[in-house]
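Undergrad: Chains as they are written, first to last, in the numbering used here: chain A, 1 to 413; chain B, 1001 to 1266.
Since the hints were made in silico from the structure, they are not lab data.
No experiment lies behind these values; they were computed from the predicted model shown.
This list has only true hints and no planted wrong ones.
Computed list of chain B residues with no C-beta within reach of chain A, every gap over 10 Å: (1) 1017; (2) 1086; (3) 1222; (4) 1225.
Label-pair distances were calculated between CB atoms; the ranges are: (5) 1073/B x 407/A: 46 to 56 Å; (6) 203/A x 1167/B: 20 to 30 Å; (7) 1196/B x 173/A: 18 to 28 Å; (8) 270/A x 1015/B: 51 to 61 Å; (9) 20/A x 1193/B: 37 to 47 Å; (10) 1167/B x 20/A: 37 to 47 Å.
Note that the Cβ used here is the ideal one computed from N, Cα and C, for glycine as well.
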Amino acid sequence: MKNMWFHLMPYKELPDDFRKQNPSVWVDINSELLDAEQVHAHYHEFLDELEYAGDVGFDAICVNEHHQNGYGLMPSPNLMAASLARRTDAPMICVMGNSLALYNPPTRVAEEFAMLDCLSGGRLIAGFPVGTPMDTVFCYGQNPSKLRERYYEAHDIVMKAWQTSETFSFNGRFNQLRYVNVWPRPLQKPHPPVWIPGGGSVETWHWCAEMDYVYCYLSYGGYKLGLATMQGFWEEMDRLGKDRNPYRAGFLQFVGVADSYKEAYDLYKEPAEYFYGRCLHVDPRWAAPAGYQTEATIRSKIKSQVALAAQGAQPGRRGLARDWDTILEEGYVVIGTPEQVAEQLTEVCTSLNVGHLMLLLQFGNMSSELTRENTTLYAEQVMPRIGALFDDQWQDHWWPTPMDNRATPKAVA
Amino acid sequence: MSEPRRFEIRVRGNPSRVLEAGGGNPVVFLAGLGGLPVWPPFLDTLAQQHRVLMPSLPGFPGAIEFRHLDSYLDWVVATLELLEGLDIETVDLIASSVAGALAAEVAALAPQRIRRLVLIAPFGHFDATDPSADIWAQPPGPDSIPALACANPERWKSIWEKPEDEDPVEWGILLTRAMEAAARFLFPLGDTGVVKRLGRIRQPVLLVRGAQDRVIPASHQAVFADAVSGPTTITTLEHAGHLVELDQPDQLAREITAFLLDQQSH
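Kindly generate the complete structure, drawing on both the sequences and the hints.
TA: Shown next as structure tokens:
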């Protein structure tokens, strides 16, 4: 299996009373809370942490895109990925990803990802999220009714731009381009592996299956919540006649490792409560603009809630847990000794059947020192215990294929 | 409430429900925020003196398909086809809220079809110093849209009460779909640029708003009034929110009837 080190790049100085004093961490977050000198320090810490993860043997390092967001200081993940491509040599670079409908023209994504793939020597994983309603609809003013149509059209442009040798015209519903001919083209042929983060809609599962893309369930709700979604995904793959290769899927999990459970409990309490208490304090009015969810998804969600209720379960989700004991009880964060964490993650990956484990080993206001300790313990004592999972049975067809003789940047040499 | 007649017309190739009642001069009503799943009391009152027709804009209750309409021009043409489909040469057009932007556009571009125009808190304009509400960013839950739309949310709720024979999931989707359809031609600010074209409207215009409107500010009504070339009447009704037709059905019907009579005698 693959251990992938994921950074959200959270702003770490949100005040203690943030939730009480502010309506939202996202979209209309109070800009007076931001100290740009702190951001300067954060960026260097965060990039150091990602580079360190690459040094100690993580299979990939991952960045992502958010806008106007207090827990994601990365409106442009490509800038961060460019820096990482220069400063690392071994790990794959997963940009998770570029929200396709936000780029005008979408060939910009084809160009920048091609640049990253060339710069990194073919280490790029190209993530194509639709994007959250906060990022796309409210921060970038995308029409919620046209977002998905634009997304699919942008995807078609990017894939065609990467794979067509001739200059071509694209006459779409939303994009008209007379001369498409991106330079450079990606190093990986026919294109870098494409991964799609999704929130559990059946349409996205079908699309991933049809296009042979990796489906990533990136939730902050941990493995207990993820189980139902991933079970649904695999049942759908069965129906579509696809194999149960765990590398078809990715999953995000918060993890805290220490020498004892008690120590882990004490060390990771503050950063976890910071993340779930402040970073996930999102004004609910941004959650569901009409049109963002398709009617099919609305129907399927209501039906599954009705089915749950019929079985006597509580319909709908309980509110988000914000205190440490409930966070742990709900499985948002997995903590313990290396043995305990390895055991739990083996269970997580096996029950969800996920071969790409995306790990948040830095979360909330976790210090750089603790992040490094967590990363080191994981790399040295957890990874060896779980790294071989699935590999005797399955091949990862969705992993980058870097070139052999990569140039060594002077900064690393 | 009497039972209206019901028939279908085609708009941009797709079916649109038309409800009709009364007799006399033809008056067409285009429903506003959320559309109308049923014939409202307001139109019953109006139908006592007029032939009232309520066709459904694409995506609003009564007309399911709308995602083939990409550009604003597609929507304007669809609105024009809606009126053409009724097969009446000239009508008095009443439009509320989100539909007001399209009705004003059609009055500006195809004036021969519209005899007189009534706009109830129309969208179409945006002013950053006095902004309209963001109707697509409302708190979740069943009470938020009714409270936004009406001074008395119970009025909304009684219109939207699910009939026994309707599927609850599909009934709920009616409103989501209408909100999405409105987003399709108005998102993000509701500014369609129609104000630039209002000068082409030389017909008599009645501009109505509710004193408790939480969606469209009073200043927008003044912008419309200033821009229209024809004789303009401005009315503000007390104890009414954004959807005046739901909050004050009888009073609004009286105002409109008086306006139509008055403009007839001129």
